[in-house]
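The numbering used here puts the first residue of the sequence shown at 1, with every later residue one more than the last.
No lab work stands behind these hints: they were computed from the structure. All C-beta atoms in this analysis are idealised placements derived from N, C-alpha and C, irrespective of residue type, glycine included. Don't take every hint at face value.
Simulated DEER-style distance windows between Cβ atoms [stated by the list, open to error]: (1) S37 <-> D57: 44 to 50 Å; (2) L6 <-> G27: 24 to 30 Å; (3) E34 <-> I72: 42 to 48 Å; (4) Y74 <-> S37: 40 to 46 Å; (5) A79 <-> W17: 34 to 40 Å; (6) N3 <-> R65: 25 to 31 Å; (7) M76 <-> P9: 47 to 53 Å; (8) R11 <-> V73: 44 to 50 Å.
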Amino acid sequence: MANIELSTPERAALAEWLRERIAEETGEEIGGLEAESLAGALVRDIAGHFYNRGLHDARAAISARLEEVSEIVYAMEEANILTRR
């Protein structure tokens, strides 16, 4: 699984987002240190799963497009064969 690293500004933004979401959802306030720790745990423990899922989805999309291109090329070959007869 990929080791995801966030830049300092990205990590700070994630921590702030977490603070806001927790306050909004639970009415509880958490400190910056707690939010930073939670952000680190989320990135370390689950971000790689989402990254790999994105790669899986990208591979599927690319494969589908390659199949379309293959069909177009085949049709062009067939059209060329037919016009040479």
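Going through the hints against the structure:
1. In this structure the hint that S37 and D57 lie 44 to 50 Å apart at CB is violated, the actual value being about 30 Å.
2. The given range of 24 to 30 Å is respected by L6 and G27, whose C-beta atoms sit roughly 27 Å from each other.
3. Separated by about 55 Å at the C-beta atoms, E34 and I72 break the suggested range of 42 to 48 Å.
4. Checking the proposed 40 to 46 Å range against Y74 and S37 shows it is violated: the Cβ atoms sit about 55 Å from each other.
5. Taken as a hint, the range 34 to 40 Å is violated for the pair A79 and W17, whose Cβ atoms sit roughly 54 Å apart.
6. Range check, N3 to R65: Cβ separation about 29 Å, and the 25 to 31 Å hint holds.
7. Hint check: M76 to P9, Cβ distance near 49 Å, so the stated range 47 to 53 Å holds.
8. Checked against the hint of 44 to 50 Å, the pair R11 and V73 passes, with Cβ atoms roughly 46 Å apart.
Figure legend: structure checked against the earlier numbered hints; hints not met, in rising order: 1, 3, 4 and 5.
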